[in-house]
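Required output: the full structure, derived from the provided sequences and hints.
In order, the protein sequence lines correspond to chains A and B. For the first sequence, this note's numbering gives the first residue as 1, with consecutive numbering after it. For the second sequence, this note's numbering gives the first residue as 1, with consecutive numbering after it.
Think of the hints as simulated: they come from the structure by calculation, not from any bench. Heads up, a few of these hints could be off.
[Said to hold, decoys possible] Lysine-lysine pairs mimicking BS3-like chemistry, simulated, CA-CA at most 25 Å apart:
id : chain 1 : residue 1 : chain 2 : residue 2
1  : A       : 124       : A       : 205
2  : B       : 50        : A       : 162
3  : B       : 99        : B       : 78
4  : B       : 119       : A       : 102
[To be verified] A short, non-exhaustive set of chain A residues, derived as facing chain B with CB atoms under 10 Å:
id : residue
5  : 14
6  : 77
7  : 81
8  : 82
9  : 84
10 : 87
11 : 91
12 : 92
13 : 96
14 : 190
15 : 195
[Said to hold, decoys possible] Covered by chain A, according to a simulated footprint, are these stretches of chain B (three or more residues, beta-carbon under 8 Å):
id : stretch
16 : 106-118
17 : 137-148
It should be emphasised that the depicted structure is a prediction, and the values quoted were computed from it without experimental measurement. A virtual CB, placed ideally from N, CA and C, is assigned to each residue, including glycine.
Spelled out from the first residue to the last, the chains are:
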Amino acid sequence: MISASGPNKPKARSFRTKLLVAMMLVVSGLMALALYLAQRHVTAAARSNLQQNFQAELLSLDKMRELRNATLAERCGALASRPRIHAALEDNALDLLYPSAKDELRDLMETAQPSQAERFLRAKFYRFLDPVGEVISPPVPKDVGELSPKAEAQLTLERLPKTQQIGYILETPDATDEVVDEIVAVPIFSTETGDVISALVVGFKPFELIGKAAGAGMKSGIWLNGQLHMPSLSKSSQAALGSEIAKTITNSDRVQSNFRVNLDGAQQLLFYKRLNPTSLFPPAYEICVYPLADSVAQLHRLRWQIGSVGVLLLLGGFLASQFVAARLSLPVEKLAVDSEKDRAQRKRAEIALASTSEKLKRSTRYSADASHQLKSPVTVLRVGLEGLLHRDGFKPEIYEELSALLHHTHRLTGVIDDLLLLSRMDAGHIELDSKPVNLSQIIEEWLDDLGALPDSPEVKIEKQFPADLCIAGEKRYTSLIVQNLLENARKYNRPGGLIRVTAVRSNGEVVLTVGNTGHPIARDAQEHIFERFHRGGTGSHISGHGLGLNLARELARLHDGDLRLVRSEDDWTEFEARFLIAGQTYDGATQTT
Amino acid sequence: MDARRIVCLKLILAIPCISALADTAVEGRVALPKSHSAPVQAKRYEIVTKGGVLSTQPPLAVVYLDGAFPRPASLPVKQVEQKDLTFVPALLPIQVGTKVEFPNLDDTYHNIFSYSPAKRFDLGRYRPDERPIPSEVFNTPGLVTLRCDIHEHMRGLILVLDTPYFVMTDTDGRFRLRGLPSGRYTLKAWTNSRTTREQPVELKNGETLHVDFQ
Chain A
1 MISASGPNKP
11 KARSFRTKLL
21 VAMMLVVSGL
31 MALALYLAQR
41 HVTAAARSNL
51 QQNFQAELLS
61 LDKMRELRNA
71 TLAERCGALA
81 SRPRIHAALE
91 DNALDLLYPS
101 AKDELRDLME
111 TAQPSQAERF
121 LRAKFYRFLD
131 PVGEVISPPV
141 PKDVGELSPK
151 AEAQLTLERL
161 PKTQQIGYIL
171 ETPDATDEVV
181 DEIVAVPIFS
191 TETGDVISAL
201 VVGFKPFELI
211 GKAAGAGMKS
221 GIWLNGQLHM
231 PSLSKSSQAA
241 LGSEIAKTIT
251 NSDRVQSNFR
261 VNLDGAQQLL
271 FYKRLNPTSL
281 FPPAYEICVY
291 PLADSVAQLH
301 RLRWQIGSVG
311 VLLLLGGFLA
321 SQFVAARLSL
331 PVEKLAVDSE
341 KDRAQRKRAE
351 IALASTSEKL
361 KRSTRYSADA
371 SHQLKSPVTV
381 LRVGLEGLLH
391 RDGFKPEIYE
401 ELSALLHHTH
411 RLTGVIDDLL
421 LLSRMDAGHI
431 ELDSKPVNLS
441 QIIEEWLDDL
451 GALPDSPEVK
461 IEKQFPADLC
471 IAGEKRYTSL
481 IVQNLLENAR
491 KYNRPGGLIR
501 VTAVRSNGEV
511 VLTVGNTGHP
521 IARDAQEHIF
531 ERFHRGGTGS
541 HISGHGLGLN
551 LARELARLHD
561 GDLRLVRSED
571 DWTEFEARFL
581 IAGQTYDGAT
591 QTT
Chain B
1 MDARRIVCLK
11 LILAIPCISA
21 LADTAVEGRV
31 ALPKSHSAPV
41 QAKRYEIVTK
51 GGVLSTQPPL
61 AVVYLDGAFP
71 RPASLPVKQV
81 EQKDLTFVPA
91 LLPIQVGTKV
101 EFPNLDDTYH
111 NIFSYSPAKR
121 FDLGRYRPDE
131 RPIPSEVFNT
141 PGLVTLRCDI
151 HEHMRGLILV
161 LDTPYFVMTD
171 TDGRFRLRGL
181 PSGRYTLKAW
191 TNSRTTREQP
201 VELKNGETLH
211 VDFQ
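What follows is the structure, given as structure tokens:
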């Protein structure tokens with residue numbers, strides 16, 4: 001045991017290492033999963049949080065805009081009902097349009113000090129569009145809010161709209177400054193015909209998102225005509241971000257979405273939403289950039305937490321694995337030792353078996369070859385002797401001699417046949433073609449033949465078996481067994497002796513017993529009588545070659561039966577052969593045939 | 001009764017100067033679009049706008065002889081009343097230089113104004129008892145759309161013509177223009193603010209020419 005556990009120590013250690021590695025793998029896998037899920041959760045939460053904020057801001061903005069636009073629509077409705085506006089438009093007196101509208105729209109224009117509530121309702125400028133959508137130039141631009149020709153050109157529409165249109169224009173009050181104005185085009189319907197006769201375009205300062213919920217880092221702006229206007233960013237950042245937005249917007253037809261951007265080295269989440277869907281004016285998008293610093297920090301914190309939990313887990317796992325491995329490795333070690341021993345034993349047995357099988361094969365082949373080699377010369381010999389025997393002119397004692405020689409060749413043939421059969425059996429070449437065989441009939445036949453044999457001592461024959469005793473077997477081999485037993489019973493009998501043959505059914509078997517009187521087999525020879533070329537210590541005057549019993553037993557076993565010596569003492573020797581009853585398998589189950 | 005007497009007097013006074021032309025006239029019919037509205041009183045019609053085109057309802061036409069005629073020293077004053085929140089008559093053809101008064105016969109304020117290129121004016125808000133009656137002299141030929149700043153639906157038309165020879169058709173489009181000078185002229189028929197049909201005519205002394213506008 002001590003010598004066996006020596007080389008198994010490293011094995012136990014390697015088992016422990018493997019256990020540890022597996023645990024580490026599981027723990028790190030779990031950690032990675034947890035990290036991944038947490039990261040997703042945090043990112044999604046931040047995104048949805050900011051999105052909600054953005055939506056809420058836009059919603060409030062929308063509400064304000066709706067309110068303002070409703071007010072504007074009402075104003076334009078009132079305006080359209082003014083006879084002077086109609087007169088100016090219908091009577092080709094466009095120069096009188098602005099003066100006529102001036103009183104009506106006076107309070108729309110920004111005053112010096114608008115109240116907080118009114119601020120969003122104050123217009124920066126307004127213009128009328130003529131029936132083809134062109135801007136009607138005001139006689140005194142100061143009164144209606146001055147605009148550069150370039151900005152004024154942006155108010156033009158392809159046709160007069162039937163509904164309110166929201167648009168955005170870019171105004172450059174001076175060379176360096178850029179201002180985005182929100183414009184609302186409101187149709188003016190003729191009170192008589194219901195046709196759109198003009199449109200009032202009012203310009204406002206765009207609503208600004210306050211971003212109070214998202215913290216101070218939020219930046220908002222408007223993306224218009226491929227350019228971003230976000231005054232809180234530097235020009236270059238605006239240009240870079242603008243082109244990125246342009247790429248996203250042209251690639252997808254979504255009205256709103258969000259994506260991650262990198263602004264001045266910081267992660268930001270950018271939201272965009274079209275401000276004027278279905279408008280006749282060029283599309284404009286509200287852009288909101290929220291810093292992700294909070295969520296990045298949160299993620300960082302989470303990463304640390306999960307990391308330390310993982311390390312603790314690993315540590316605990318290491319200790320636990322030490323303990324478990326110590327407990328587990330004892331039986332495992334034992335198992336390893338045992339299995340090692342088993343393996344060695346099995347190897348030895350396998351080698352032995354292989355060599356035995358090889359030997360057996362060789363010997364079988366040898367006896368098969370030998371039998372074949374012997375058979376032809378014996379046949380030649382016999383034919384020669386028979387030829388001589390039929391010749392005339394020899395002395396009578398020569399004929400006697402020849403006849404004896406011929407008899408020996410017949411014995412030789414018998415030995416060779418038996419050897420051949422045995423070697424075929426050893427090689428596993430014989431398969432029983434099992435059929436019901438009438439054992440009683442075979443016994444009767446052989447008993448008849450016994451009497452006809454020469455040199456047979458006078459013996460009395462007792463037989464006791466039913467008439468139709470059928471066993472499972474092949475007739476010629478069954479017959480060989482019976483012949484062998486009966487011949488032996490006669491051969492080793494004494495003059496005036498007895499042969500008793502009985503056969504009974506017992507437990508799905510047929511038990512054939514053949515007993516005879518005569519000199520018993522010597523006690524020390526009894527256990528060898530079934531070996532090949534062994535003769536039970538009897539005198540050499542009895543014919544036989546020492547193969548018969550061996551062959552009979554092998555054949556009986558081939559029949560799933562057996563042959564054994566029951567007893568041999570006091571002038572009585574008795575053999576017993578067992579066969580399966582016809583229609584019975586080896587395990588005794590009844591077959592339906 | 002008094003008015004008729006004045007007209008008779010005027011006609012008598014006019015006889016010596018137009019006696020030489022007395023017999024020359026044009027008569028005929030202007031094809032007018034069918035009116036789908038219910039028939040109204042003969043004298044009552046209104047101005048309607050359809051696709052930016054102003055016309056009378058039921059349709060009427062003004063037939064006049066185009067040409068350069070000497071302007072008389074004085075012209076009679078015409079009136080467009082504001083009655084029941086409408087202009088009466090809704091369409092008034094006048095010769096250039098005619099003074100038109102706009103008496104307010106309603107119980108409410110009116111504010112007559114026009115942004116038309118032929119005449120821009122604004123009489124301001126005035127009450128029925130405003131005296132003198134607010135008036136304007138129309139010196140440029142063309143169509144003048146009258147509106148009231150207080151009553152947006154009110155529309156009136158004054159067709160300022162360069163000729164003294166003009167007449168309004170009846171609702172069937174029939175007209176008769178008398179006392180015309182002989183010679184070659186263009187006879188025109190105004191049917192709405194966008195459409196004025198014309199035909200060349202040769203007027204012979206004492207004859208009545210028949211002209212139909214299709």
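Here is how each hint holds up against the structure:
1. A/124 <-> A/205: 7 Å, holds
2. B/50 <-> A/162: 19 Å, holds
3. B/99 <-> B/78: Since the Cα atoms of residue 99 of chain B and residue 78 of chain B sit roughly 6 Å apart, the hinted pair holds (cutoff 25 Å).
4. B/119 <-> A/102: 22 Å, holds
5. 14: Since chain B brings no Cβ nearer than about 100 Å to residue 14 of chain A, farther than 10 Å, the hint is violated.
6. 77: 12 Å, violated
7. 81: Residue 81 of chain A check passes; min Cβ-Cβ to chain B is 6 Å, inside 10 Å.
8. 82: Because about 7 Å separates residue 82 of chain A from the closest Cβ in chain B, which is inside the 10 Å limit, the hint holds.
9. 84: Where the cut-off is 10 Å and the nearest Cβ of chain B is about 6 Å from residue 84 of chain A, the hint holds.
10. 87: 4 Å, holds
11. 91: 4 Å, holds
12. 92: 6 Å, holds
13. 96: Nearest chain B Cβ about 5 Å off; hint holds.
14. 190: 8 Å, holds
15. 195: 8 Å, holds
16. 106-118: Contact hint for the stretch 106-118 of chain B vs chain A: holds, 5 residues under 8 Å.
17. 137-148: Holds: 3 residues of the stretch 137-148 of chain B have a Cβ under 8 Å from chain A.
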